[in-house]
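With my numbering, letter number 44 in the sequence shown gets 1380, and the count goes up by one each step, no holes.
Derived from the structure by calculation, the hints contain no laboratory data.
Please note that a few of the clues may not be correct.
[As the list claims (entries may be wrong)] In silico lysine-lysine, PhoX-like type, Cα no more than 25 Å apart, as pairs:
{"id": "1", "residue 1": "K1349", "residue 2": "K1361"}
{"id": "2", "residue 1": "K1361", "residue 2": "K1446"}
{"id": "3", "residue 1": "K1340", "residue 2": "K1449"}
{"id": "4", "residue 1": "K1449", "residue 2": "K1341"}
{"id": "5", "residue 1": "K1446", "residue 2": "K1349"}
{"id": "6", "residue 1": "K1340", "residue 2": "K1446"}
{"id": "7", "residue 1": "K1357", "residue 2": "K1446"}
{"id": "8", "residue 1": "K1349", "residue 2": "K1449"}
{"id": "9", "residue 1": "K1446", "residue 2": "K1341"}
{"id": "10", "residue 1": "K1361", "residue 2": "K1341"}
{"id": "11", "residue 1": "K1449", "residue 2": "K1357"}
{"id": "12", "residue 1": "K1361", "residue 2": "K1449"}
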Amino acid sequence: MLSKKEAWNAYAKVHSAWNSKDVAKRREIAAQILDENIEYQTVRHDTVFGRQTVINDMAVFHDRFPGGHFEIGDVSVHHNVALLTWVIIQADGTEFARGGDMITVGVDGKITKITTFGPASKSPD
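Work out the full structure, taking the sequences as your base and the hints as a guide.
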């Protein structure tokens, strides 16, 4: 069973890759924490597979939000699945969007699945 601390640490590690401006560092961190055949689903993609797709999205993030970064919010855990929230902070320090990810962590400690929800809204419209 995954603890909140283990989920937080895995998520913090993957977000350190998202937040890194260094492409080689992103790849290095991604190889450490993301399963090679990770299942990945975001508002931009249907379900796709493979670590490289996540790495490609990291580059898109840096193109769209130069100097921006993610901050982690809350964490909830159920067995080997965690729900974690995030905030995108722009280079000027203002908040751009809030959302969340549901991650599945394998027995080897690598993230095997990410499903992204966002941006969040308090209204159903």
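Now the hints, each set against the structure:
1. Our distance criterion of 25 Å between C-alpha atoms is met by K1349 and K1361, whose separation comes to about 12 Å.
2. A distance of roughly 17 Å separates the Cα atoms of K1361 and K1446; the hinted pair therefore holds under the 25 Å criterion.
3. Annotation: proposed proximity of K1340 to K1449 holds, straight-line Cα distance about 17 Å (limit 25 Å).
4. For the proposed pair K1449 and K1341, the alpha carbon gap of about 18 Å is at most 25 Å, so the pair holds.
5. Restraint check for K1446 and K1349: satisfied, since their Cα atoms lie roughly 10 Å apart, inside the 25 Å limit.
6. A distance of roughly 15 Å separates the Cα atoms of K1340 and K1446; the hinted pair therefore holds under the 25 Å criterion.
7. About 22 Å separates the Cα atoms of K1357 and K1446, which keeps this hinted pair within 25 Å; it holds.
8. The straight-line distance between the Cα atoms of K1349 and K1449 is roughly 15 Å, inside the 25 Å bound, and the hint therefore holds.
9. A threshold of 25 Å between alpha carbons decides the hint, and for K1446 with K1341 the separation of about 14 Å falls inside it, so the pair holds.
10. Of the pairs offered as hints, the one joining K1361 and K1341 holds, with about 23 Å between alpha carbons and a cut-off of 25 Å not exceeded.
11. This hinted pair checks out: K1449 and K1357 have alpha carbons roughly 24 Å apart, not beyond 25 Å.
12. Restraint check for K1361 and K1449: satisfied, since their Cα atoms lie roughly 21 Å apart, inside the 25 Å limit.
Checked against the numbered hints given earlier, this structure breaks none of them.
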